[in-house]
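A.B. asks: Here is how the chains run, residue by residue.
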Amino acid sequence: MSSTVPAARRAPAWHGAAVGLGAAALALGISLLLPRAFSDPVAVDPYVARLAAVSLVLLGAALLLPRLRDTRAVLIAMAAIVAPFTLWSATPRVLGIFWPGLGGDERFAWAGVAQTVLTLAFVGLAWLVLRPDRRPAMRLARFTPTTALICVGGSALLLGIALALPATWLGRLGLPTVALARDMPWVAPGDVLQAAAQELEFRGLLMGALERVTARPWIANLAQATFFGLAHIAVQYQGPAGPFVPVTIALGFVLGWVTQRTGSLWPAIVIHAVGDVAVDAAVLPGLYGF
Amino acid sequence: MASESRALHVAAAAGLAAAAALLLAPLTAGAQAPPAPARTPQANATAPPAAEPWWAPVAFQGRTVSDVRVDAGLLSVSVAGLGEQQSADGGVTWHAASEPGGAPVPAAPGAWQARGGRVGRVDATGTWHADPGSPRVASPSTAGHGTVAGVPGADGWVVAVDVDGVVWRRDAAGHWDRALLLLNQDALHGAPRVTGIASFSVPLSDAVYLATDGYSVLESTDGGDDWVRAGPGLPDSVLAVTTDAPRRAVWAGTTDGLWRHHLQPTPAPPVYAAQDLRLRWVGTAAVCLAAAGVALGGMLRLLR
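Residue numbers (the working numbering), protein chains in the order written: chain X, 1 to 290; chain Y, 1 to 304.
Calculated directly from the structure, the hints in this document are not laboratory data. All C-beta atoms in this analysis are idealised placements derived from N, C-alpha and C, irrespective of residue type, glycine included. Some clues are possibly wrong.
Derived Cβ-Cβ restraints for the label pairs, each shown as a range [what the hints assert, rightly or not]:
#1 X:Asp133 <-> Y:Leu279: 44 to 50 Å
#2 X:Leu33 <-> Y:Gly117: 56 to 62 Å
#3 X:Ala121 <-> Y:Arg301: 28 to 34 Å
#4 Y:Gly297 <-> X:Phe143: 41 to 47 Å
One side only, chain X facing chain Y, incomplete, derived with CB under 10 Å [as the list claims (entries may be wrong)]:
#5 His15
#6 Leu28
#7 Arg67
#8 Thr71
#9 Arg135
#10 Trp169
#11 Arg172
#12 Asp183
#13 Pro185
#14 Ala188
#15 Ala250
#16 Thr262
#17 Gly286
#18 Leu287
Could you put the whole structure together from the sequences, leaning on the hints where they help?
C.D. replies: So this is what it looks like as structure tokens:
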């Protein structure tokens, strides 16, 4: 569909997407960092609800004001990234209030369900309110034997690299086998759902939206990977997030590249899910729980 | 077009309403601070001396301490280049031991010990009985603490390290299961050696400590099911670990001297519960609205 868009209209569209992305980054950055200067971030807003609020305000305004039409796709993507994360992080506590008997692992799994459902709702919103030539390609329809091979090979490569790197860098010290047998029936599906939601958000909605307005796919990929990395600053309240950001930017770029090359989101979902399950299986938490 | 416009307005209204609810909900709910994460507290743990780190260096920095024992308050260590050293004042002063090595300590009734490659328990008469199904473990070097540790406060629960370095745990029903499988250190090195395991024989703490030559000290507070890294500050190579109940301490011999951990509550993320929390929420909401306003103003100006 993008090829039918007249070249003369691409520049304004690109401009609108860039302005929307920049404005969202500015607003989310201020909302994330400024309250930390005058308050305890853990207690004031443990679920980064403030970021979800800002992203929804921007999206609401973009949907109401015709002048902001060209920002809608990226602002839907930004809201899709932030609001489901807030829901994911708050769900276990909310479930604990209403169903005190529900175990922690089960709450984690249900949080993954909530995050995925809300992410899919944003995908539906994008489908509903965006013009066909602005709708991000979600690349969910394509799954070939080659795709399956890339899923397996990419996952093996990721695990191989993780095992080759020094264990103390990554914290992947050992497999607590008794705990894994107890936790994984709930935690693994939760990990898979969370990975799928994040791939829909970053490599689906955000990268897909940017690809619609730029002729260079790598720019769209680099932009989503950068936001993927920066998002990990927001969620790592209880530990030093700085060193983690470059790693997640690189991982996000590779997953975006795989998605663009294969024309399918599935390899990114599978590789991401395998990585998340491996982290939960082999990374022993430290004294602060991370 | 009409349906698209209606969808836009519905979506926008929903978005704005959700944003308002997100910002206002904590105020109406009383803005309670979140509870500390659920962690098993250390039983009867007391606060350490002010500002003491989790592990603190005590003596022999720069030298390898390969063995640590505590017997009746007397601390004995094996130090590379200095031989056997002893301290009766908790590591403040040291003197050369008169005879190297520590004498085996008789096991108390109910204690778990490794003998002849098996784990067993000493009964009230002092007789040792092998536990059926126990893993094959190495014989302890001294004092019987090298490969087996009972779980404090949980009768029948035991953690043991087998000859291959796999950590096992026994539950109260007598079931043995593999509890922890250490992974390789990197592409060139295998899994680190487990160099010791220790727990308190009195109910001071529910922790079991695992010393490793590569991953410092790991700790389990639920009988060996879950493990955490509990070695902040310690060198990666820990060669011996032992508990010291009278001093409420754990001692670790490392490639960089002797270190001590005083029992203290497990750290948790800070919980802010000041009276002005509600005001801070208002401030946060104001920042969010201002940020959104600035962003909106910028977008409208740039897309004029």
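A.B. asks: Next, verify each hint and record whether it holds.
C.D. replies: For each hint, the structure was consulted:
A hinted range of 44 to 50 Å holds for the C-beta pair X:Asp133 and Y:Leu279, which are about 48 Å apart. The supplied range of 56 to 62 Å is met by X:Leu33 and Y:Gly117, whose beta-carbon atoms lie about 58 Å from each other. The hint said 28 to 34 Å for the Cβ distance between X:Ala121 and Y:Arg301, and at roughly 31 Å that hint holds. Taking 41 to 47 Å as the suggested C-beta distance range, the pair Y:Gly297 and X:Phe143 conforms, at roughly 44 Å.
Interface restraint check for X:His15: the shortest CB-CB distance to chain Y comes to about 8 Å, inside 10 Å, so the restraint holds. Satisfaction of the interface hint for X:Leu28 is found here, the shortest Cβ-Cβ separation to chain Y being roughly 8 Å, below the 10 Å cut-off. The beta carbon of X:Arg67 comes within 5 Å of a beta carbon in chain Y, closer than 10 Å, and the hint placing it at the interface holds. For X:Thr71, the interface hint holds, since its Cβ comes within 10 Å of a Cβ in chain Y; the closest pair sits about 6 Å apart.
Interface hint at X:Arg135: violated, since its Cβ lies 13 Å from the closest Cβ of chain Y, which is beyond the 10 Å cut-off. Among the interface hints, the one on X:Trp169 holds; its C-beta lies about 9 Å from the nearest C-beta in chain Y, closer than the 10 Å criterion. Because the closest C-beta pair between X:Arg172 and chain Y is about 6 Å apart, less than 10 Å, the hint holds. The interface hint given for X:Asp183 is met, as the beta carbon of that residue sits about 9 Å from the closest beta carbon of chain Y, less than 10 Å.
A distance limit of 10 Å between C-beta atoms decides the matter here; for X:Pro185 the minimum to chain Y is near 15 Å, and the interface restraint is violated. Here the hint on X:Ala188 is broken, as its CB sits about 17 Å from the closest CB of chain Y, past 10 Å. At a threshold of 10 Å, the smallest CB-CB gap from X:Ala250 to chain Y is about 19 Å, leaving the interface hint violated. Hint on X:Thr262 is violated. Least Cβ distance to chain Y is approximately 28 Å, over the 10 Å limit.
Hint on X:Gly286 holds. Least Cβ distance to chain Y is approximately 5 Å, under the 10 Å limit. Residue-level restraint check for X:Leu287 holds (minimum Cβ-Cβ distance to chain Y is 5 Å; threshold 10 Å).
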